[in-house]
Amino acid sequence: MTGKDENRSRIVSSAHLVSDKAAELSEVEYGLIVAGNAFGVWTVRGTAAAAVDFPEVADLGVIDILSLHSVNHRGRPKRLVDICFKLNVEDTHVVNYALKKLVKAGLIIGEKQGKEVFYSTTDKGQSLIRRYRDIREACLVDAFSALGEVDAESLSEMARQLRVLSGLYDQAARSATNM
Numbered sequence: 421m422t423g424k425d426e427n428r429s430r431i432v433s434s435a436h437l438v439s440d441k442a443a444e445l446s447e448v449e450y451g452l453i454v455a456g457n458a459f460g461v462w463t464v465r466g467t468a469a470a471a472v473d474f475p476e477v478a479d480l481g482v483i484d485i486l487s488l489h490s491v492n493h494r495g496r497p498k499r500l501v502d503i504c505f506k507l508n509v510e511d512t513h514v515v516n517y518a519l520k521k522l523v524k525a526g527l528i529i530g531e532k533q534g535k536e537v538f539y540s541t542t543d544k545g546q547s548l549i550r551r552y553r554d555i556r557e558a559c560l561v562d563a564f565s566a567l568g569e570v571d572a573e574s575l576s577e578m579a580r581q582l583r584v585l586s587g588l589y590d591q592a593a594r595s596a597t598n599m
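Counting with this note's numbering, you get residues 421 to 599 for the letters of the sequence shown.
It should be emphasised that the hints constitute simulated quantities derived from the structure, not laboratory data.
Just to be clear, a hint being listed does not mean it is correct.
Unchecked claim - Below 30 Å or equal to it, Euclidean Cα-Cα: the simulated DSBU-like pairs (lysine-lysine) are:
1) 521 x 544
2) 521 x 532
3) 532 x 544
4) 532 x 520
5) 524 x 544
6) 535 x 506
7) 535 x 520
8) 506 x 544
9) 520 x 506
10) 535 x 521
11) 506 x 524
Unchecked claim - With beta-carbon atoms standing in for the labels, derived distance ranges:
12) 429 x 523: 41 to 51 Å
13) 478 x 562: 23 to 33 Å
14) 531 x 476: 18 to 28 Å
15) 494 x 456: 22 to 32 Å
Being a predicted model, the structure only gives us computed values, none of them experimental.
C-beta atoms are modelled at their ideal positions from N, C-alpha and C, and glycine is treated no differently.
Please construct the entire structure, taking both the sequences and the accompanying hints into account.
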């Protein structure tokens, strides 16, 4: 690290966690916190805008919305375990509650096949998702071009790095349970 880097002010959420070995990690973690929360706010508000004609879906939260998109992914029915795995949510009760809300709102249906329930998006759910996509296009796609040098390849690399970080934090969480 150069002297210039050592003297610069770091933007972190918890100064007490800043380490001499990896001060940048605290900056990354703060970026993850802020980005994660901003993404959550976006999903809720973007869905609320898309749901203007669906008052019964007004109270959907982040996990509800992410579960809806996960159920709709690739147009194939999903089990609770599939949705939890895709969203990296260990507490199946949280996703199960979200699925119940989505069924009640008429956005998905659950069909029992043997001992498993498979969830699919209804026409109403697909209509909401299409409207959300249109709003997402209008609000975000053009905004990304305003960032300048962020192109499709850069975004793909950023996504890859986020998946790598996710894996590192998952492994650290497993290791922490053994300490």
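Structure-based check of each hint:
no.: 1; hint: 521 x 544; verdict: holds (14 Å)
no.: 2; hint: 521 x 532; verdict: holds (17 Å)
no.: 3; hint: 532 x 544; verdict: holds (20 Å)
no.: 4; hint: 532 x 520; verdict: holds (14 Å)
no.: 5; hint: 524 x 544; verdict: holds (12 Å)
no.: 6; hint: 535 x 506; verdict: holds (21 Å)
no.: 7; hint: 535 x 520; verdict: holds (17 Å)
no.: 8; hint: 506 x 544; verdict: holds (23 Å)
no.: 9; hint: 520 x 506; verdict: holds (18 Å)
no.: 10; hint: 535 x 521; verdict: holds (21 Å)
no.: 11; hint: 506 x 524; verdict: holds (22 Å)
no.: 12; hint: 429 x 523: 41 to 51 Å; verdict: holds (49 Å)
no.: 13; hint: 478 x 562: 23 to 33 Å; verdict: holds (27 Å)
no.: 14; hint: 531 x 476: 18 to 28 Å; verdict: holds (21 Å)
no.: 15; hint: 494 x 456: 22 to 32 Å; verdict: holds (24 Å)
When each numbered hint is compared with the structure, no violation occurs for any of them.
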